[in-house]
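Enquirer: Residue numbers (UniProt numbering), protein chains in the order written: chain G, 1 to 365; chain F, 1 to 365.
None of these hints come from the bench; they were simulated from the model. Nothing here was measured: the structure is a model prediction, and the numbers come from that model. It is possible that part of the hints are untrue.
What the hints assert, rightly or not - Some chain G residues flagged as far from chain F (calculated, every beta-carbon gap over 10 Å):
#1 LEU10
#2 ALA38
#3 ASP194
#4 MET218
#5 ARG322
#6 LEU350
Claimed, not checked - Short derived list, chain G residues pointing at chain F, Cβ under 8 Å:
#7 PHE183
#8 GLU227
#9 GLU255
#10 LEU258
In this text, a Cβ means the ideal position worked out from N, Cα and C, and glycines have one as well.
2 protein chains.
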Amino acid sequence: MATLSASKALTLAAPLSLDSGQVLEDVQIAYETYGELAADKSNAILVTHALTGDQYLASKHPITGKPGWWERRVGSGKPIDTSRYFVICANVIGSCLGSTGPASIAPDGQPYAMRFPVITIRDMVRGLVGLLDGMGIERLHAIVGGSMGGMQALSLAANWPERAERVLVIASTSRHSAQNIAFHELGRQAIMADPNWQDGDYYASGASPDAGLAVARMAAHITYLSEDGLTDKFGRNLQDRDTKSFGFDADFQVESYLRYQGSGFTRRFDANSYLYITRAMDYFDLAEEHGGRLANAFAGSQARFCLVSFDSDWLYPTAESRHVVHALNAAGAAVSFVELSAPYGHDSFLLDVPALDRVVKGFLE
Amino acid sequence: MATLSASKALTLAAPLSLDSGQVLEDVQIAYETYGELAADKSNAILVTHALTGDQYLASKHPITGKPGWWERRVGSGKPIDTSRYFVICANVIGSCLGSTGPASIAPDGQPYAMRFPVITIRDMVRGLVGLLDGMGIERLHAIVGGSMGGMQALSLAANWPERAERVLVIASTSRHSAQNIAFHELGRQAIMADPNWQDGDYYASGASPDAGLAVARMAAHITYLSEDGLTDKFGRNLQDRDTKSFGFDADFQVESYLRYQGSGFTRRFDANSYLYITRAMDYFDLAEEHGGRLANAFAGSQARFCLVSFDSDWLYPTAESRHVVHALNAAGAAVSFVELSAPYGHDSFLLDVPALDRVVKGFLE
Numbered sequence: 001m002a003t004l005s006a007s008k009a010l011t012l013a014a015p016l017s018l019d020s021g022q023v024l025e026d027v028q029i030a031y032e033t034y035g036e037l038a039a040d041k042s043n044a045i046l047v048t049h050a051l052t053g054d055q056y057l058a059s060k061h062p063i064t065g066k067p068g069w070w071e072r073r074v075g076s077g078k079p080i081d082t083s084r085y086f087v088i089c090a091n092v093i094g095s096c097l098g099s100t101g102p103a104s105i106a107p108d109g110q111p112y113a114m115r116f117p118v119i120t121i122r123d124m125v126r127g128l129v130g131l132l133d134g135m136g137i138e139r140l141h142a143i144v145g146g147s148m149g150g151m152q153a154l155s156l157a158a159n160w161p162e163r164a165e166r167v168l169v170i171a172s173t174s175r176h177s178a179q180n181i182a183f184h185e186l187g188r189q190a191i192m193a194d195p196n197w198q199d200g201d202y203y204a205s206g207a208s209p210d211a212g213l214a215v216a217r218m219a220a221h222i223t224y225l226s227e228d229g230l231t232d233k234f235g236r237n238l239q240d241r242d243t244k245s246f247g248f249d250a251d252f253q254v255e256s257y258l259r260y261q262g263s264g265f266t267r268r269f270d271a272n273s274y275l276y277i278t279r280a281m282d283y284f285d286l287a288e289e290h291g292g293r294l295a296n297a298f299a300g301s302q303a304r305f306c307l308v309s310f311d312s313d314w315l316y317p318t319a320e321s322r323h324v325v326h327a328l329n330a331a332g333a334a335v336s337f338v339e340l341s342a343p344y345g346h347d348s349f350l351l352d353v354p355a356l357d358r359v360v361k362g363f364l365e
Numbered sequence: 001m002a003t004l005s006a007s008k009a010l011t012l013a014a015p016l017s018l019d020s021g022q023v024l025e026d027v028q029i030a031y032e033t034y035g036e037l038a039a040d041k042s043n044a045i046l047v048t049h050a051l052t053g054d055q056y057l058a059s060k061h062p063i064t065g066k067p068g069w070w071e072r073r074v075g076s077g078k079p080i081d082t083s084r085y086f087v088i089c090a091n092v093i094g095s096c097l098g099s100t101g102p103a104s105i106a107p108d109g110q111p112y113a114m115r116f117p118v119i120t121i122r123d124m125v126r127g128l129v130g131l132l133d134g135m136g137i138e139r140l141h142a143i144v145g146g147s148m149g150g151m152q153a154l155s156l157a158a159n160w161p162e163r164a165e166r167v168l169v170i171a172s173t174s175r176h177s178a179q180n181i182a183f184h185e186l187g188r189q190a191i192m193a194d195p196n197w198q199d200g201d202y203y204a205s206g207a208s209p210d211a212g213l214a215v216a217r218m219a220a221h222i223t224y225l226s227e228d229g230l231t232d233k234f235g236r237n238l239q240d241r242d243t244k245s246f247g248f249d250a251d252f253q254v255e256s257y258l259r260y261q262g263s264g265f266t267r268r269f270d271a272n273s274y275l276y277i278t279r280a281m282d283y284f285d286l287a288e289e290h291g292g293r294l295a296n297a298f299a300g301s302q303a304r305f306c307l308v309s310f311d312s313d314w315l316y317p318t319a320e321s322r323h324v325v326h327a328l329n330a331a332g333a334a335v336s337f338v339e340l341s342a343p344y345g346h347d348s349f350l351l352d353v354p355a356l357d358r359v360v361k362g363f364l365e
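All chains should be built: construct the whole structure from the sequences, respecting the hints.
Expert: The following block contains the structure:
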């Protein structure tokens with residue numbers, strides 16, 4: 001993976017004290033912004049990204065050259081309207097697109113690699129709050145996030161309740177289930193089984209654990225799609241052939257697609273970052289952080305919440321969103337909740353779902 | 001994986017002509033039997049095994065030392081009553097417990113490895129029919145199989161309809177879905193990414209692709225369990241510790257369990273066999289073999305069928321069994337169908353589900 005300078009970056013004024021008890025010094029947060037910040041700084045929306053997401057929310061990705069991951073929803077006249085709002089998207093710590101992570105250079109001049117501290121979702125949000133502090137933004141118009149981005153939105157709402165007026169959580173959860181952890185552990189084991197991983201010290205070796213990372217990505221990718229979606233998209237269709245090869249090439253389109261997803265991913269993502277971020281997600285349990293009762297996390301919150309789930313999402317199914325909604329109700333918070341029908345599984349939050357556009361636009365008004 | 005001599009083995013009288021067009025010579029089928037064959041040979045039941053199963057149906061596994069995989073259902077007085085029936089269970093070709101597979105020695109004196117022909121479910125059944133021929137058993141009282149075993153039962157019923165009076169298909173499917181293929185492809189890629197795989201030529205190297213095979217097994221294992229089952233069994237419980245380690249050890253019980261499942265599996269299974277058998281399953285599409293219409297597969301069948309699914313099985317969900325039942329109805333076959341409630345996901349067919357015991361026993365009467 002290429003090293004990359006983000007177009008904008010801020011070094012946090014203070015060291016980050018992490019949930020592990022460790023302290024991270026000289027933390028850099030790479031970010032992108034869209035639209036103009038109002039003079040009273042009242043129109044900022046922070047969009048938080050998913051596991052393998054990044055700050056290139058509505059602008060071209062510097063490695064892949066692809067459009068921003070939410071360009072369909074962020075821009076002038078779009079559901080998150082950059083002619084009205086100042087939209088910020090920052091790479092989380094632990095990642096690899098310019099924010100401090102395992103590939104960053106430690107104070108001793110060598111990459112952190114596995115010396116990087118294990119971080120939590122709350123630690124990621126600490127970094128984002130540091131960025132907002134640096135930008136002088138005391139209160140967000142909204143925080144908006146899907147998947148792991150939703151975890152960050154919930155964590156901000158729970159731990160820095162004064163920092164956001166609106167909290168929009170899409171296709172997310174307040175805790176990782178055993179099955180969620182299992183899929184992540186599978187991915188981590190695939191990476192660690194790759195001899196190029198070398199206990200994480202591969203940055204100077206000229207070879208990175210791409211094979212293991214590709215397998216991890218393939219596993220995760222299956223969980224992002226619905227069974228019906230896979231069947232509709234690929235079924236048992238063959239790839240570039242009329243009959244089975246009776247060999248081990250990618251006979252089926254779905255095989256070819258997965259291989260492409262796996263190998264393409266290694267160009268833009270660092271394997272150690274994948275380890276750290278999946279670990280943070282697995283550790284996420286917002287109730288546990290708040291005395292074992294999720295409603296406690298939101299006690300006294302003045303924010304308005306909106307939870308969105310998708311009926312075909314089996315990674316973070318609707319029941320997980322409903323669980324959060326019940327806790328918000330118990331805490332007396334203002335919350336709306338909708339389960340949208342979309343065929344794409346967990347990935348629906350990234351894809352063309354007009355009903356989601358309407359929910360996002362409406363909630364931000 | 002240790003090389004192993006099965007307690008009983010039969011070399012097929014004729015070469016096997018495979019679906020690929022290739023011919024396999026000197027095919028050995030390793031098998032176990034339980035109970036006594038009646039003088040008129042009318043009481044034989046063939047139990048077909050799943051992907052990583054074997055012939056040790058109701059007797060100790062020679063490598064693991066564990067009880068047979070269906071001992072709870074096969075034995076004197078049990079649902080498959082060995083005091084009444086002569087029960088046969090054979091290792092499928094392509095596997096590694098004594099039947100001819102990629103680890104077997106080819107005519108040139110070297111292991112087949114990836115020179116072994118790609119086989120299909122129907123090819124596996126060809127091997128089993130050859131075994132029955134060798135034993136002089138023209139007509140089975142029943143064929144019984146779960147998961148891939150059910151595919152073999154369906155294939156026998158479709159292609160050798162005169163060979164079984166009763167066909168019991170548990171937690172199975174008539175075709176692999178895109179999602180099924182995706183999970184298998186993930187496993188194959190994990191094996192092939194392991195440098196010890198060496199394009200399959202690892203038998204003489206002293207090192208086998210255990211790391212890749214363990215990852216493949218972990219991926220498959222997740223699909224065998226239900227989300228609720230995982231949550232009930234493990235939840236977010238920590239393993240041998242009171243607090244998170246903030247490291248990459250197996251903090252959670254589910255991680256420890258998966259690692260154990262993965263590493264234990266490599267002791268008893270050959271990675272190339274895993275490639276070949278998953279490929280056979282992915283190729284399985286019984287309708288495609290019969291002009292694109294599943295009912296054609298069962299036209300004129302005189303057998304009685306019973307299909308069983310489990311409500312928590314998301315690998316081969318109830319809809320797949322129902323699909324087969326509809327085809328059997330369209331073909332005018334005698335069929336009963338039941339969806340059983342059990343919390344264990346796909347693995348329910350192997351576990352303590354008393355309702356399944358009753359269905360098996362009743363159907364065999």
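Enquirer: Run every hint past the structure and note whether it holds.
Expert: Outcome of the hint check:
1. LEU10: holds (26 Å)
2. ALA38: holds (40 Å)
3. ASP194: violated (7 Å)
4. MET218: Non-interface label on G/MET218 violated, nearest chain F Cβ at 5 Å vs cutoff 10 Å.
5. ARG322: holds (15 Å)
6. LEU350: Holds, because the least Cβ-Cβ distance between G/LEU350 and chain F comes to about 19 Å, which exceeds 10 Å.
7. PHE183: Hint on G/PHE183: holds, closest Cβ of chain F at ~6 Å, below 8 Å.
8. GLU227: holds (5 Å)
9. GLU255: holds (5 Å)
10. LEU258: Since the shortest Cβ distance to chain F is 6 Å, the answer is holds.
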